[in-house]
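Q: Below are the chains, spelled out letter by letter.
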Amino acid sequence: MSAPHPIICLLLFPGGLMLLASSLFYEWLERKLVARFQNRIGPKVYQPVADMLKLIVKEEVIPKSVNRTLFILLPIFGFACVMTASLYVPMFGVDAAIGMSGDLVITMYLLSAMSVCLGMAGANSLNRFAVVGATRTLTQLFAYEAPFMLSLLLPAIAAQSWNIATITKYAEGKTWMMLTLPIGFVISIIGVMGKLEIPPFDAPEAESEIVSGALSEYSGRGLALFRIAKNVELVVCLSLIAAFYLGGIGNPLLFILKTFVLLAVIALLQSSLTRFRIDQTIGLWWQVGAILSLAQLMVLIMVKVL
Amino acid sequence: MTELQEINKSTSAKKYIVPIGPQHPALKEPGHFQFTVEGEIVVDATIRLGYVHRGIEKAAEQRNYTQVLYLVERVCGICSHSHGTAFIQCAEKLAGVEIPPRAKAVRAIAGEIERLHSHLLWLGVASHGGGFDSMFMYSWRDREIVMEILENFFGNRVNYSVNIPGGVKEDITTEFIDQVTPKLEYLKKRMEYYLDVINTDITFRQRTVNIGKIGKVETDKLGATGPTARASGVARDMRITRPYDGYDLFPVNIVTDDRCDLNARFVVRIKECIESILYIIDVMNRMPDGELTAKMPRKIPAGEYMSSVEAPRGELFYFVRSNGTENPDRVKIRTASLCNWGTVVSSVAKGHKLADMPMILSGIDPCFSCNDRMVQISRGKNDSEVWTWEQLRKYGIEYYQ
Amino acid sequence: MENMESINKFRELMAEFSQNIEIPAIQPSRIDAFINPADLVPAVKKLHDSDWGYLITISAYDTVDDQGTPQIGLVYHFGEREIIGSIRFFLPYDQLTIESICPVIPSATLYERECMELYGIDIIDTPDRSRLLIPDDWPEDVFPMRKSFISLDQSQPAENGENHD
Numbered sequence: 001m002s003a004p005h006p007i008i009c010l011l012l013f014p015g016g017l018m019l020l021a022s023s024l025f026y027e028w029l030e031r032k033l034v035a036r037f038q039n040r041i042g043p044k045v046y047q048p049v050a051d052m053l054k055l056i057v058k059e060e061v062i063p064k065s066v067n068r069t070l071f072i073l074l075p076i077f078g079f080a081c082v083m084t085a086s087l088y089v090p091m092f093g094v095d096a097a098i099g100m101s102g103d104l105v106i107t108m109y110l111l112s113a114m115s116v117c118l119g120m121a122g123a124n125s126l127n128r129f130a131v132v133g134a135t136r137t138l139t140q141l142f143a144y145e146a147p148f149m150l151s152l153l154l155p156a157i158a159a160q161s162w163n164i165a166t167i168t169k170y171a172e173g174k175t176w177m178m179l180t181l182p183i184g185f186v187i188s189i190i191g192v193m194g195k196l197e198i199p200p201f202d203a204p205e206a207e208s209e210i211v212s213g214a215l216s217e218y219s220g221r222g223l224a225l226f227r228i229a230k231n232v233e234l235v236v237c238l239s240l241i242a243a244f245y246l247g248g249i250g251n252p253l254l255f256i257l258k259t260f261v262l263l264a265v266i267a268l269l270q271s272s273l274t275r276f277r278i279d280q281t282i283g284l285w286w287q288v289g290a291i292l293s294l295a296q297l298m299v300l301i302m303v304k305v306l
Numbered sequence: 001m002t003e004l005q006e007i008n009k010s011t012s013a014k015k016y017i018v019p020i021g022p023q024h025p026a027l028k029e030p031g032h033f034q035f036t037v038e039g040e041i042v043v044d045a046t047i048r049l050g051y052v053h054r055g056i057e058k059a060a061e062q063r064n065y066t067q068v069l070y071l072v073e074r075v076c077g078i079c080s081h082s083h084g085t086a087f088i089q090c091a092e093k094l095a096g097v098e099i100p101p102r103a104k105a106v107r108a109i110a111g112e113i114e115r116l117h118s119h120l121l122w123l124g125v126a127s128h129g130g131g132f133d134s135m136f137m138y139s140w141r142d143r144e145i146v147m148e149i150l151e152n153f154f155g156n157r158v159n160y161s162v163n164i165p166g167g168v169k170e171d172i173t174t175e176f177i178d179q180v181t182p183k184l185e186y187l188k189k190r191m192e193y194y195l196d197v198i199n200t201d202i203t204f205r206q207r208t209v210n211i212g213k214i215g216k217v218e219t220d221k222l223g224a225t226g227p228t229a230r231a232s233g234v235a236r237d238m239r240i241t242r243p244y245d246g247y248d249l250f251p252v253n254i255v256t257d258d259r260c261d262l263n264a265r266f267v268v269r270i271k272e273c274i275e276s277i278l279y280i281i282d283v284m285n286r287m288p289d290g291e292l293t294a295k296m297p298r299k300i301p302a303g304e305y306m307s308s309v310e311a312p313r314g315e316l317f318y319f320v321r322s323n324g325t326e327n328p329d330r331v332k333i334r335t336a337s338l339c340n341w342g343t344v345v346s347s348v349a350k351g352h353k354l355a356d357m358p359m360i361l362s363g364i365d366p367c368f369s370c371n372d373r374m375v376q377i378s379r380g381k382n383d384s385e386v387w388t389w390e391q392l393r394k395y396g397i398e399y400y401q
Numbered sequence: 001m002e003n004m005e006s007i008n009k010f011r012e013l014m015a016e017f018s019q020n021i022e023i024p025a026i027q028p029s030r031i032d033a034f035i036n037p038a039d040l041v042p043a044v045k046k047l048h049d050s051d052w053g054y055l056i057t058i059s060a061y062d063t064v065d066d067q068g069t070p071q072i073g074l075v076y077h078f079g080e081r082e083i084i085g086s087i088r089f090f091l092p093y094d095q096l097t098i099e100s101i102c103p104v105i106p107s108a109t110l111y112e113r114e115c116m117e118l119y120g121i122d123i124i125d126t127p128d129r130s131r132l133l134i135p136d137d138w139p140e141d142v143f144p145m146r147k148s149f150i151s152l153d154q155s156q157p158a159e160n161g162e163n164h165d
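Protein chains in written order, with my numbering: chain A, 1 to 306; chain B, 1 to 401; chain C, 1 to 165.
None of these hints come from the bench; they were simulated from the model. Heads up, some of the hints might be wrong.
[Said to hold, decoys possible] Residues of chain A clear of chain B, computed beta-carbon distances all greater than 10 angstroms:
1) M108
2) S112
3) P182
4) R221
[To be verified] Chain A regions said to be covered by chain B (calculated; three or more residues, Cβ under 8 angstroms):
5) 31 to 42
6) 193 to 202
7) 247 to 261
[Stated by the list, open to error] Once the Cα atoms are required to be at most 30 angstroms apart in a straight line, the calculated DSS-like pairs of lysine-lysine come out as:
8) K58/A x K44/A
9) K189/B x K271/B
10) K93/B x K9/C
11) K216/B x K45/C
12) K304/A x K174/A
13) K183/B x K58/B
14) K46/C x K221/B
15) K45/C x K221/B
16) K271/B x K216/B
17) K45/C x K213/B
18) K147/C x K93/B
19) K32/A x K44/A
20) K169/B x K183/B
21) K213/B x K46/C
22) K353/B x K213/B
23) K299/B x K58/B
24) K9/C x K221/B
25) K93/B x K299/B
26) K295/B x K93/B
27) K58/B x K32/A
28) K169/B x K188/B
29) K213/B x K188/B
30) K299/B x K147/C
31) K46/C x K9/C
32) K32/A x K93/B
33) K216/B x K353/B
34) K58/B x K147/C
35) K216/B x K9/C
36) K9/C x K45/C
37) K221/B x K353/B
38) K353/B x K271/B
39) K216/B x K46/C
40) K58/A x K169/A
On a predicted model such as this, the values are computed, not experimentally measured, just so you know. Idealized CB from N, CA, C, for every residue including glycine.
Could you build all of it, start to finish, from the sequences and the hints given here?
A: Right, here's the structure in full:
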């Protein structure tokens with residue numbers, strides 16, 4: 001059977017629409033799991049879809065004092081970044097659409113660009129909550145970025161390649177790397193939580209302090225795009241971790257199941273921890289996260305060399 | 001563009017004002033706070049209340065005692081029984097009416113159930129302020145049990161109006177006791193579990209231990225009351241120091257804590273809940289026999305009476321003047337959390353991280369409808385009260401060591 | 001008894017300011033000292049310095065004296081154990097000026113401003129004189145808690161007057 005037309009691949013399966021739909025499903029799953037952990041009932045499966053539709057249909061309010069072009073472009077740019085990042089990642093157990101040497105670096109760069117977009121959107125809003133939120137978003141970016149990058153670097157060093165496809169191939173043949181590189185695995189999971197501002201790292205959008213942080217001024221389409229972008233980022237990050245640490249792609253169904261398990265772990269963590277203050281977040285990442293991942297790196301290099 | 005100018009002005013002074021309220025997701029009721037921040041550190045706090053001022057004290061002068069009883073119960077939906085008790089106690093004492101012991105016991109039980117539901121509500125709100133939503137969801141689910149008790153017993157979830165002039169309108173039946181005891185015992189287990197969580201959970205302790213400290217001497221001098229005072233080691237509990245209806249017959253144990261911080265406020269409130277549960281079970285099984293009401297005259301003899309009631313949030317003070325007619329001449333209400341505003345917020349807020357503000361604020365359990373008045377506390381660097389700054393500087397230095 | 005000790009100490013402390021200290025028959029746990037308005041700050045300072053209780057609140061009420069002249073009664077409530085000790089005095093309508101006790105007890109500012117606004121008492125030296133309770137567009141020289149106040153607009157029912165904002 002010949003491969004379907006590349007356009008169909010890009011727009012429907014495994015890219016584009018499929019990714020959007022699945023990102024909404026992941027959001028639902030996360031919300032539902034958190035709700036059950038918190039002794040609540042939780043949303044219906046179509047709730048995220050309904051939320052998105054509502055946001056897209058709603059009027060978008062653009063504050064007078066902002067730079068209009070930036071205000072409109074930033075969500076689109078952020079969304080585009082994560083969608084592009086998904087092209088390099090083996091989504092749903094299907095080989096990545098594009099592969100080249102060094103695509104891991106590009107992916108990590110694109111994922112960070114999304115956070116920068118968020119920060120810029122907040123700073124552009126001139127709303128005090130948004131500015132404080134943006135400051136915190138960017139501060140947090142500097143906190144988790146280095147350990148998170150290191151944690152993705154570890155499999156790369158183990159496989160001695162910067163290519164995601166090569167690393168996944170390598171991971172398939174070996175024992176699960178979550179067992180051989182346990183610290184890296186834990187840090188990558190927590191790094192995703194920091195990246196997506198999931199509790200307890202939700203200081204940048206702590207509603208009891210600064211409303212919704214950087215996104216306080218966003219409504220309608222802009223907000224919808226940012227939210228979808230975050231959901232897609234979640235799926236991309238989970239796929240990346242599952243591919244690296246949980247034994248490569250293998251069976252696509254099994255692969256999706258693995259990402260669900262990772263999501264469940266994140267949901268459990270987020271419902272059992274109290275929000276960190278931004279200074280505590282930074283302290284945790286630099287004092288514990290960075291040092292541990294460096295230690296893991298040392299161990300890995302030692303093993304490789306010896 | 002005014003907002004821009006404001007921002008420019010504030011940045012030129014290297015200060016940034018974060019307004020919270022009157023409408024803000026952190027606030028369930030209207031209030032307005034302005035935190036001046038330098039980075040993440042709060043250097044000044046301004047509070048302004050009064051968006052829900054309803055003129056209840058004036059309205060009370062134009063109504064008769066029975067009407068005023070129901071009016072003051074609506075000062076606050078959470079501590080309505082305390083307001084009713086404090087007011088009607090003044091009227092009864094002025095009229096020289098001694099209510100029957102059974103009525104006293106019912107009033108005390110109602111007061112303790114109210115304390116339970118208020119503290120559980122607070123536990124949820126304060127946890128949410130700190131971003132611990134699971135505790136919020138769990139404690140509010142358990143609060144539902146208390147609300148059910150209130151609904152079954154008094155017919156209403158809030159504003160249950162147990163008091164009538166000269167007594168109470170609901171009796172505690174054996175059927176009620178059988179129904180409530182298992183629920184309370186379950187609740188006691190839950191409270192013990194929460195106590196365990198707040199004392200052992202690392203992330204929760206990180207956000208509460210040594211946060212919002214206020215020393216024993218200051219607490220005493222500034223006139224803080226209720227759990228806020230007791231968490232600073234000040235043994236001030238109106239149920240014990242000025243025993244009133246019910247508590248004169250059945251004494252209650254006081255709960256204090258010497259650690260003076262936010263965690264102590266959690267511990268004191270949860271331990272008080274456990275005390276309340278034990279107290280309710282104890283009183284229910286020792287209910288005195290007799291009537292529920294005593295006869296109360298319509299016209300109250302001229303005179304003055306001051307009564308203090310331990311509301312869930314602190315000391316509730318009523319000063320009632322009667323001029324011998326059916327209507328009171330003056331009803332002065334000093335609500336329970338008002339005295340804590342000026343003390344804890346003004347002396348504790350500055351020097352903390354912005355992120356700690358919601359928890360510090362909710363630490364005193366502020367009640368906006370309670371404080372139907374406007375407060376403005378603003379203390380700059382050239383403040384005459386030197387101790388505040390010294391204390392804060394000292395605090396700040398210790399904080400970063 | 002501790003309570004008797006508190007009462008006696010209050011009596012002792014207030015003796016130099018007041019000829020008229022009474023314990024009302026209706027409430028034996030209460031003691032009222034009627035003082036001269038000019039002695040307010042020294043009296044409060046003395047209580048504060050000797051650690052007698054904490055300030056509960058300041059109450060004002062509109063009343064008449066023996067001749068039927070309207071006057072404002074002020075009560076400074078202090079609480080110590082079971083005892084409520086009050087420093088009280090009366091201000092005739094043409095002399096509604098007293099000194100602030102905020103230098104002694106800073107937390108009194110709320111209660112003082114309430115009296116200023118609702119009863120029109122002029123408290124000199126109080127740190128903050130801005131509007132506390134009533135709306136910003138409320139007319140000057142209208143004091144809603146006085147007995148003479150019915151509504152802002154006499155032709156309208158009181159409820160509408162209250163919702164002036």
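Q: Given the hinted pair K216/B and K353/B, is their alpha-carbon gap at most 30 angstroms?
A: This hinted pair holds, its Cα atoms lying about 23 angstroms apart.
Q: Next pair to validate is K93/B with K299/B; report whether the Cα-Cα distance is within 30 angstroms.
A: holds (13 angstroms)
Q: Hey, K216/B versus K45/C, does the alpha-carbon distance stay inside 30 angstroms?
A: holds (21 angstroms)
Q: Is the hinted pair K46/C and K9/C satisfied, with a Cα-Cα distance of at most 30 angstroms?
A: Holds, at roughly 11 angstroms.
Q: Okay, the region 31 to 42 of chain A and chain B, do three or more residues pass the C-beta test at under 8 angstroms?
A: holds (count 4)
Q: Are the Cα atoms of K295/B and K93/B separated by 30 angstroms or less?
A: Status holds; Cα separation ~13 angstroms.
Q: Holds or violated: K183/B with K58/B, Cα cutoff 30 angstroms?
A: violated (41 angstroms)
Q: For a C-alpha distance cap of 30 angstroms, please report whether K304/A and K174/A respect it.
A: Roughly 15 angstroms separates the two Cα atoms, so the pair holds.
Q: Does the alpha-carbon distance linking K45/C and K213/B stay inside the 30 angstroms limit?
A: holds (27 angstroms)
Q: Is K189/B within 30 angstroms of K271/B, Cα to Cα?
A: holds (12 angstroms)
Q: Quick one, are K353/B and K271/B close enough, alpha carbons at most 30 angstroms?
A: holds (28 angstroms)
Q: Given the hinted pair K213/B and K188/B, is their alpha-carbon gap at most 30 angstroms?
A: This hinted pair holds, its Cα atoms lying about 28 angstroms apart.
Against the hints set out earlier in the document, violations occur for numbers 7, 13, 27, 32 and 40.
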